[in-house]
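One line per chain: the protein sequences are H and P, in this order.
In terms of numbering that gives the first Met the number 0, the first sequence opens at residue 0 and continues consecutively.
In terms of numbering that gives the first Met the number 0, the second sequence opens at residue 0 and continues consecutively.
Keep in mind the hints are simulated off the structure, nothing from the lab.
Don't be surprised by glycine CBs; every beta carbon is placed ideally from N, CA and C.
Treat the hints with care, since some could be wrong.
Said to hold, decoys possible - Here are the simulated BS3-like cross-link-like pairs (lysine-lysine), alpha carbons at most 30 Å apart as the crow flies:
id, chain 1, residue 1, chain 2, residue 2
1, H, Lys-332, P, Lys-1
2, P, Lys-154, P, Lys-201
3, P, Lys-154, P, Lys-100
4, P, Lys-1, P, Lys-71
5, H, Lys-332, H, Lys-362
6, P, Lys-88, P, Lys-154
7, H, Lys-362, P, Lys-88
8, H, Lys-250, P, Lys-100
9, P, Lys-88, P, Lys-1
10, H, Lys-332, H, Lys-250
11, P, Lys-201, H, Lys-362
12, P, Lys-88, P, Lys-100
13, P, Lys-71, P, Lys-100
14, H, Lys-257, P, Lys-154
15, H, Lys-332, P, Lys-71
16, P, Lys-71, P, Lys-88
17, P, Lys-1, P, Lys-100
What the hints assert, rightly or not - Estimated spans, in silico, between C-beta atoms of each pair:
id, chain 1, residue 1, chain 2, residue 2, range
18, P, Ala-223, H, Leu-275, 26 to 36 Å
19, H, Glu-232, P, Arg-63, 32 to 42 Å
20, P, Glu-203, H, Glu-232, 27 to 37 Å
21, H, Arg-239, P, Arg-129, 18 to 28 Å
22, H, Val-223, P, Gly-216, 53 to 63 Å
23, P, Ala-64, H, Cys-227, 44 to 54 Å
24, P, Thr-126, H, Arg-239, 52 to 62 Å
25, H, Ala-396, P, Gly-13, 48 to 58 Å
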Amino acid sequence: MRTDAGREPHAAAFRGALWITLIATTTTALALTFQHVQTATLLDLEMGHLIEGEADALAMRFQDGGTADLSDRIDKQLAANTRDVVYMVADRNGRRLAGNVMVWPAPVREDRVTNLSVMVRSGQGVQPTEVEGEARTLDADTRLFIGHLADSRLALGRKYWTSLIGSVAITGVLSLLLGWIVSRRGLSFVKQAAVTGNRFLAGRLDERLRLSGRNDEFDRLAEVINTCFEEIERMIGSLRAATDGMAHDLKTPLTRMKARLELAMLRGRSADGDLLAENANDVDTLLELINGLLTLARADAATSDSFQHVDLAAVVQDAVDLYAPVAEERGCKVVPVLAAAPMNGSRPLLLHLAANLIDNAIKHSPPGGSIIVATIRDGASIRLSVADGGPGIPAGATALALRRFGRLDESRGSPGSGLGLTLVQTVARVHRGHLSLSDNAPGLLAEVVFETEPNPGGRLGAGRPR
Amino acid sequence: MKLLLIEDDAGTAGYVRQGLAELGHACDHAATGLDGLTAALTNSYDAIILDRNLPQLDGLAVLRALRAEDHKTPVLILSALAQVDDRIKGLNAGSDDYLAKPFSFQELIARLAAIVRRGDKAPAATTTLRVADLELDLLGRFATRGTRRIELLNKEFQLLEYLMRHAGQVVTRTMLLEAAWDYSFNPGTNVIDVHVSRLRAKIEHDGEAPLLHTIRGAGYQLDAH
Chain H
0 MRTDAGREPH AAAFRGALWI TLIATTTTAL ALTFQHVQTA TLLDLEMGHL
50 IEGEADALAM RFQDGGTADL SDRIDKQLAA NTRDVVYMVA DRNGRRLAGN
100 VMVWPAPVRE DRVTNLSVMV RSGQGVQPTE VEGEARTLDA DTRLFIGHLA
150 DSRLALGRKY WTSLIGSVAI TGVLSLLLGW IVSRRGLSFV KQAAVTGNRF
200 LAGRLDERLR LSGRNDEFDR LAEVINTCFE EIERMIGSLR AATDGMAHDL
250 KTPLTRMKAR LELAMLRGRS ADGDLLAENA NDVDTLLELI NGLLTLARAD
300 AATSDSFQHV DLAAVVQDAV DLYAPVAEER GCKVVPVLAA APMNGSRPLL
350 LHLAANLIDN AIKHSPPGGS IIVATIRDGA SIRLSVADGG PGIPAGATAL
400 ALRRFGRLDE SRGSPGSGLG LTLVQTVARV HRGHLSLSDN APGLLAEVVF
450 ETEPNPGGRL GAGRPR
Chain P
0 MKLLLIEDDA GTAGYVRQGL AELGHACDHA ATGLDGLTAA LTNSYDAIIL
50 DRNLPQLDGL AVLRALRAED HKTPVLILSA LAQVDDRIKG LNAGSDDYLA
100 KPFSFQELIA RLAAIVRRGD KAPAATTTLR VADLELDLLG RFATRGTRRI
150 ELLNKEFQLL EYLMRHAGQV VTRTMLLEAA WDYSFNPGTN VIDVHVSRLR
200 AKIEHDGEAP LLHTIRGAGY QLDAH
């Protein structure tokens with residue numbers, strides 16, 4: 000893997016910040032717009048009421064005192080000039096009778112308030128002005144127009160735009176900044192993982208990801224990655240131990256063979272019966288070792304897609320049948336206590352597992368001893384146990400016993416390749432099982448616990464043709 | 000026996016041919032799958048020894064071609080691929096036996112003899128097997144020697160049946176293991192020897208003629224002599 004130490008990638012953090020900004024500004028703009036629309040509606044309503052009320056009051060004046068009273072009232076109102084209201088009283092032909100609007104606005108309506116441009120007289124002369132207004136027919140010859148300056152509405156509109164731009168700008172800058180910080184924080188885990196992974200790849204196999212302790216998704220991911228690291232470390236460790244053991248166990252017989260052949264050459268004889276037989280024996284030892292290693296490698300690579308439905312009890316019974324006479328030869332007894340144990344697995348590998356455990360127990364059992372071989376189905380797990388009454392394994396030596404080529408006597412003089420329990424462990428692992436060695440007081444209790452599917456013979460198996 | 004060896008490794012081929020010649024068997028040799036197939040189809044052999052990894056035409060392809068031609072010569076496959084699934088593949092393709100490399104010469108000879116004889120006579124639908132005064136009842140699953148009835152455990156019965164069906168031939172330990180357990184692995188030490196000696200104790204009482212002989216360095220032989 001290529002790494003670029005000088006380059007700090009920030010693309011993901013920047014993308015995260017941009018998304019947060021987009022969301023924040025859109026939300027702000029929508030909220031402001033909604034508020035503006037609400038306010039404008041309210042203002043419209045108020046304006047409508049105001050104009051209606053004024054028109055009603057004026058209409059009443061007109062009914063009581065005619066045009067003169069009406070214009071007097073209008074003049075007074077204009078003089079007070081407290082409200083931004085414009086008036087016009089006109090005859091049928093649009094001639095002005097009173098008010099400060101100079102020309103009758105043609106598009107005015109009687110049923111509702113509309114926006115209009117009207118000519119208003121003020122101190123500075125006559126100017127076209129934007130108003131919202133409504134007309135009233137007072138009698139056959141008299142019409143009234145009341146309008147309100149639209150300044151506040153225009154001001155509101157302007158205010159809307161400036162506040163929108165302002166808010167979006169502030170939100171944008173703030174959310175970009177905060178989003179950047181938050182995204183960087185979220186991605187700090189990824190950064191840490193990448194750094195740790197690089198150190199691991201560089202050969203520091205004890206590197207692990209730190210857990211935050213918050214027990215969140217990142218911690219779950221860190222645990223998974225750490226488990227992968229552990230598995231890699233374990234595999235490299237066992238590979239190293241294997242090469243060391245192999246170097247010894249393969250080279251010793253080869254060295255002996257070479258020496259014998261050289262001796263034969265020195266003697267000047269082409270063929271010596273004993274010598275050849277000894278060589279053949281050494282070759283057999285080597286072959287057995289290589290076969291063991293190959294079986295182990297195959298077992299290590301076994302995957303569950305090649306598994307079939309097997310009854311572990313039947314497989315163990317086969318192994319017991321195979322080894323029981325051997326045990327009797329050595330004066331001990333194999334006692335099978337087998338309960339049906341259906342599981343998915345590889346029959347040859349499971350037989351190998353059982354055979355190795357039983358063989359091991361026979362080798363270490365004292366004369367007259369019993370070896371109890373049991374299978375028990377225990378809820379979602381299946382347990383295979385082999386118990387002997389031999390010397391057992393001293394506490395602290397179990398790790399050595401399980402190691403590839405690991406033997407408890409250093410001389411390697413005892414029979415066996417030192418692969419037996421390693422194979423058991425490997426076969427157990429590919430079957431989702433675990434081998435444990437414990438004290439049988441006296442003797443050794445070797446137990447393999449397989450985790451089976453929650454419902455091995457039920458729901459899954461029922462519908463499927465076998 | 001007249002044999003055909005299809006094997007691309009000159010060293011192995013030379014060794015096998017020499018050994019066979021010393022035992023008085025004629026052996027032709029083909030170094031490629033194609034040559035081998037041609038030889039097998041032109042001449043008549045008692046058995047064919049077929050390597051799996053061959054140039055031009057793979058061993059299994061040669062075997063399938065032979066069987067497609069309805070060629071019935073027994074075939075023994077030799078292969079460095081020795082796992083159970085490889086074995087099953089070979090047997091499914093129509094071979095009569097499967098032997099993993101490296102093999103002992105004794106094992107090869109014993110297995111060749113077994114498959115050649117299997118070809119000689121069709122397995123009769125018999126219910127008893129007989130060697131000298133030893134009889135095996137295949138239905139009752141017990142044996143009798145003279146008038147003495149011998150009760151057999153399941154595996155003992157299977158071992159004895161195999162030995163009796165191959166009476167007069169050398170039978171190796173792995174052949175017995177495959178026959179009685181249907182597993183192909185090396186249980187190590189002397190596991191099969193122990194089974195055979197127990198079987199021998201049952202069928203050969205004091206004063207009875209020995210039937211089950213140990214052939215040093217090879218295996219066992221059930222025979223009246």
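The hints, checked one at a time:
no.: 1; hint: H:Lys-332 <-> P:Lys-1; result: violated, 49 Å
no.: 2; hint: P:Lys-154 <-> P:Lys-201; result: holds, 13 Å
no.: 3; hint: P:Lys-154 <-> P:Lys-100; result: holds, 28 Å
no.: 4; hint: P:Lys-1 <-> P:Lys-71; result: holds, 15 Å
no.: 5; hint: H:Lys-332 <-> H:Lys-362; result: holds, 12 Å
no.: 6; hint: P:Lys-88 <-> P:Lys-154; result: holds, 26 Å
no.: 7; hint: H:Lys-362 <-> P:Lys-88; result: violated, 36 Å
no.: 8; hint: H:Lys-250 <-> P:Lys-100; result: holds, 21 Å
no.: 9; hint: P:Lys-88 <-> P:Lys-1; result: holds, 26 Å
no.: 10; hint: H:Lys-332 <-> H:Lys-250; result: violated, 37 Å
no.: 11; hint: P:Lys-201 <-> H:Lys-362; result: holds, 26 Å
no.: 12; hint: P:Lys-88 <-> P:Lys-100; result: holds, 16 Å
no.: 13; hint: P:Lys-71 <-> P:Lys-100; result: holds, 24 Å
no.: 14; hint: H:Lys-257 <-> P:Lys-154; result: violated, 42 Å
no.: 15; hint: H:Lys-332 <-> P:Lys-71; result: violated, 48 Å
no.: 16; hint: P:Lys-71 <-> P:Lys-88; result: holds, 18 Å
no.: 17; hint: P:Lys-1 <-> P:Lys-100; result: holds, 22 Å
no.: 18; hint: P:Ala-223 <-> H:Leu-275: 26 to 36 Å; result: holds, 33 Å
no.: 19; hint: H:Glu-232 <-> P:Arg-63: 32 to 42 Å; result: violated, 46 Å
no.: 20; hint: P:Glu-203 <-> H:Glu-232: 27 to 37 Å; result: violated, 58 Å
no.: 21; hint: H:Arg-239 <-> P:Arg-129: 18 to 28 Å; result: violated, 60 Å
no.: 22; hint: H:Val-223 <-> P:Gly-216: 53 to 63 Å; result: holds, 55 Å
no.: 23; hint: P:Ala-64 <-> H:Cys-227: 44 to 54 Å; result: holds, 47 Å
no.: 24; hint: P:Thr-126 <-> H:Arg-239: 52 to 62 Å; result: holds, 60 Å
no.: 25; hint: H:Ala-396 <-> P:Gly-13: 48 to 58 Å; result: holds, 49 Å
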